[in-house]
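**Student:** Those protein sequences? They're chains C and F, same order as listed.
Those letters in the first sequence? Residues 25 to 382, by this note's numbering.
Those letters in the second sequence? Residues 627 to 754, by this note's numbering.
Hints are computed from structural coordinates only; laboratory data are not their basis.
Check before you lean on any hint, since a few could be wrong.
Stated by the list, open to error - If the Cβ cut is set under 10 Å, some of the chain F residues that face chain C in the computed set are:
1. THR661
2. VAL664
3. ILE666
4. GLU683
5. GLU685
6. VAL687
7. ALA689
8. VAL690
9. PRO712
Unchecked claim - In silico SDA-like links for lysine to any residue, alpha-carbon gap of 25 Å or less:
10. C:LYS366 to F:THR637
11. C:LYS311 to F:GLU670
12. C:LYS311 to F:SER691
13. F:LYS714 to C:GLU59
14. C:LYS339 to F:THR713
15. F:LYS707 to C:MET341
16. F:LYS654 to C:MET42
17. C:LYS366 to F:LEU668
18. C:LYS311 to F:GLU683
19. C:LYS228 to C:SER80
20. C:LYS311 to F:PHE655
21. C:LYS339 to F:THR661
22. F:LYS654 to C:ARG41
23. C:LYS92 to C:LYS282
24. F:LYS714 to C:THR66
25. C:LYS155 to C:ASN97
26. C:LYS311 to F:GLU706
27. F:LYS707 to C:GLU309
28. C:LYS311 to F:TYR665
29. C:LYS311 to F:ALA656
30. F:LYS722 to C:THR55
31. C:LYS155 to C:HIS103
32. F:LYS714 to C:MET341
33. F:LYS714 to C:GLN62
34. F:LYS722 to C:GLU59
35. F:LYS707 to C:ARG312
36. C:LYS339 to F:LYS707
37. C:LYS311 to F:TYR694
38. C:LYS311 to F:GLY721
39. F:LYS654 to C:VAL52
40. F:LYS654 to C:THR55
Virtual Cβ for every residue (Gly too), placed ideally from N, Cα, C.
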Amino acid sequence: MALRTPLYDWHISHGARMVDFAGWDMPVQYTSIIEEHQAVRTAAGLFDISHMGRLSFGGADALALIQKVYTNNAAAMRHMQVRYGLICNDKGGIRDDVLVYRWPYGYAMVVNASNREKIVAWLAQQQGTFKVEVQDQTLQTCMIAVQGPKALDLCRNLTEADASELGYYFAAPTRYQGKNCVVSRTGYTGEDGVEYMVAAEQGKQLWEELIKRGARPCGLAARDTLRLEAAMPLYGHELSEDIDPLQAGLGWAVKFDKDDFVGREALLGLRRGTVRRRRVGLELEGKRIAREGAAVTAGGQAIGQVTSGTFSPTKNMAIVMAYVDPKFTTPGTTCEVDVRGKPAPARVVPLPFYKRPR
Amino acid sequence: MDPKNLRYAKTHEWASLEGNICTLGITKFAVEQLTDVVYIELPEVGDHVFVGDSFGEIESVKAVSDLYSPVNGEVIEINEKLIDDPTKISGDPYGKGWMVKIKVEPGSSLDSLMTLKQYEEQIASEEH
Numbered sequence: 025m026a027l028r029t030p031l032y033d034w035h036i037s038h039g040a041r042m043v044d045f046a047g048w049d050m051p052v053q054y055t056s057i058i059e060e061h062q063a064v065r066t067a068a069g070l071f072d073i074s075h076m077g078r079l080s081f082g083g084a085d086a087l088a089l090i091q092k093v094y095t096n097n098a099a100a101m102r103h104m105q106v107r108y109g110l111i112c113n114d115k116g117g118i119r120d121d122v123l124v125y126r127w128p129y130g131y132a133m134v135v136n137a138s139n140r141e142k143i144v145a146w147l148a149q150q151q152g153t154f155k156v157e158v159q160d161q162t163l164q165t166c167m168i169a170v171q172g173p174k175a176l177d178l179c180r181n182l183t184e185a186d187a188s189e190l191g192y193y194f195a196a197p198t199r200y201q202g203k204n205c206v207v208s209r210t211g212y213t214g215e216d217g218v219e220y221m222v223a224a225e226q227g228k229q230l231w232e233e234l235i236k237r238g239a240r241p242c243g244l245a246a247r248d249t250l251r252l253e254a255a256m257p258l259y260g261h262e263l264s265e266d267i268d269p270l271q272a273g274l275g276w277a278v279k280f281d282k283d284d285f286v287g288r289e290a291l292l293g294l295r296r297g298t299v300r301r302r303r304v305g306l307e308l309e310g311k312r313i314a315r316e317g318a319a320v321t322a323g324g325q326a327i328g329q330v331t332s333g334t335f336s337p338t339k340n341m342a343i344v345m346a347y348v349d350p351k352f353t354t355p356g357t358t359c360e361v362d363v364r365g366k367p368a369p370a371r372v373v374p375l376p377f378y379k380r381p382r
Numbered sequence: 627m628d629p630k631n632l633r634y635a636k637t638h639e640w641a642s643l644e645g646n647i648c649t650l651g652i653t654k655f656a657v658e659q660l661t662d663v664v665y666i667e668l669p670e671v672g673d674h675v676f677v678g679d680s681f682g683e684i685e686s687v688k689a690v691s692d693l694y695s696p697v698n699g700e701v702i703e704i705n706e707k708l709i710d711d712p713t714k715i716s717g718d719p720y721g722k723g724w725m726v727k728i729k730v731e732p733g734s735s736l737d738s739l740m741t742l743k744q745y746e747e748q749i750a751s752e753e754h
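Let the hints inform the model, and build the full structure from the sequences given.
**Tutor:** Here you go:
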């Protein structure tokens, strides 16, 4: 049976359409995807993201283990900082993309739901003689994201440490209604916002309080259109064991000048590679939407493949992320995308498709 | 049009026959399932459509669905307004949201299609 988040009953009783996502029964939409999307772009949306994997790291060698598996540099992080990075295989392929949190007393990591068990097993395998205890706290906790220009205001005074006091990509262990929790100024929508991790039994109370304060519940479908506009990669689409961070445009999250890490040697070699397809954004003419797997062509030749495609509510047009041959990656380059047998003219554009006004 | 007087296909199209002109659209249930319609493709006037063949498609943010004709015949009119603004289908799928008018052979009937009651039973079973 599919896993259920602590908010499952709430979703069902509020008419959410549910789908299986990475083994979890998740709300895909409550009402209109476009309205939920716009709520996040203009006000504040609320997401149940309890399916995401939440791991804590304790022990003297917590940092050493993270450094060994993580492409970014956790040693250079400040207390309470949150940093994006990849976990790679020894060929440089991406095993997962993760957020690492540095606490004064240890570390935490948020991993994709689809990779949680794989990463837990990988950490155990890489642990060797390191003195570290990794705890998977996913099923004991509830994770809720509040995203949008009004998110910070709306979250004021909910927890002892306030999200509005945090810098972007900083987090704090604090208390909610007398229990330990984490508040984090992070997200996956292209908007400013807050992510909470609270005890599972407190999830419903926090969720309902956030709705009372004006946040609109949003499903995974809106989360997908939002992250696509923000050009954030999604594991299983833009990222996989056969794609490396450099071709994915995530070289900024790979630090070669830190100690050795799994995949470093391979990535050093790939750094000089010139033939691998690269991740780009394309805008399509016409309203037909190209979906994952659609072929990208130029002059009748296959030059790439779509990894995610949707209708962009902000731009009112079809957009995709795709991997294409390196000589077609310059913004302005024209190509075609096969939309179910009919070619749609397309143009390479700089990513992201959407950047929030600051 | 009054949903009670329409006939329904398993694939969620509705049909109305007056003389030898059959009007087709999709049901309120189908529209609600799609929610965010962004694109509708319809045939051209003069095209021939056949039972079971796709005569167009309707695309929402989530997915694309084919439109199937429950009759054979020639397209004599299409709802251009839907092509300009596909969201028009949402408010009034049985009225302003009609899709195509098809001239059918004399003697054609919609008897093989479901009544409203039968269709409601089908969607009730789909929802569970």
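**Student:** If a hint holds in the structure, say so; if it does not, say that too.
**Tutor:** Hints versus structure:
no.: 1; hint: THR661; result: holds (5 Å)
no.: 2; hint: VAL664; result: holds (5 Å)
no.: 3; hint: ILE666; result: holds (9 Å)
no.: 4; hint: GLU683; result: holds (8 Å)
no.: 5; hint: GLU685; result: holds (6 Å)
no.: 6; hint: VAL687; result: holds (5 Å)
no.: 7; hint: ALA689; result: holds (8 Å)
no.: 8; hint: VAL690; result: holds (7 Å)
no.: 9; hint: PRO712; result: holds (8 Å)
no.: 10; hint: C:LYS366 to F:THR637; result: holds (24 Å)
no.: 11; hint: C:LYS311 to F:GLU670; result: holds (18 Å)
no.: 12; hint: C:LYS311 to F:SER691; result: holds (14 Å)
no.: 13; hint: F:LYS714 to C:GLU59; result: holds (16 Å)
no.: 14; hint: C:LYS339 to F:THR713; result: holds (16 Å)
no.: 15; hint: F:LYS707 to C:MET341; result: holds (19 Å)
no.: 16; hint: F:LYS654 to C:MET42; result: holds (20 Å)
no.: 17; hint: C:LYS366 to F:LEU668; result: holds (15 Å)
no.: 18; hint: C:LYS311 to F:GLU683; result: holds (12 Å)
no.: 19; hint: C:LYS228 to C:SER80; result: holds (23 Å)
no.: 20; hint: C:LYS311 to F:PHE655; result: holds (23 Å)
no.: 21; hint: C:LYS339 to F:THR661; result: holds (19 Å)
no.: 22; hint: F:LYS654 to C:ARG41; result: holds (17 Å)
no.: 23; hint: C:LYS92 to C:LYS282; result: holds (10 Å)
no.: 24; hint: F:LYS714 to C:THR66; result: holds (24 Å)
no.: 25; hint: C:LYS155 to C:ASN97; result: holds (20 Å)
no.: 26; hint: C:LYS311 to F:GLU706; result: holds (15 Å)
no.: 27; hint: F:LYS707 to C:GLU309; result: holds (20 Å)
no.: 28; hint: C:LYS311 to F:TYR665; result: holds (6 Å)
no.: 29; hint: C:LYS311 to F:ALA656; result: holds (20 Å)
no.: 30; hint: F:LYS722 to C:THR55; result: holds (22 Å)
no.: 31; hint: C:LYS155 to C:HIS103; result: holds (21 Å)
no.: 32; hint: F:LYS714 to C:MET341; result: holds (18 Å)
no.: 33; hint: F:LYS714 to C:GLN62; result: holds (19 Å)
no.: 34; hint: F:LYS722 to C:GLU59; result: holds (23 Å)
no.: 35; hint: F:LYS707 to C:ARG312; result: holds (17 Å)
no.: 36; hint: C:LYS339 to F:LYS707; result: holds (22 Å)
no.: 37; hint: C:LYS311 to F:TYR694; result: holds (21 Å)
no.: 38; hint: C:LYS311 to F:GLY721; result: holds (24 Å)
no.: 39; hint: F:LYS654 to C:VAL52; result: holds (20 Å)
no.: 40; hint: F:LYS654 to C:THR55; result: holds (15 Å)
Of the numbered hints given earlier, the model fails none.
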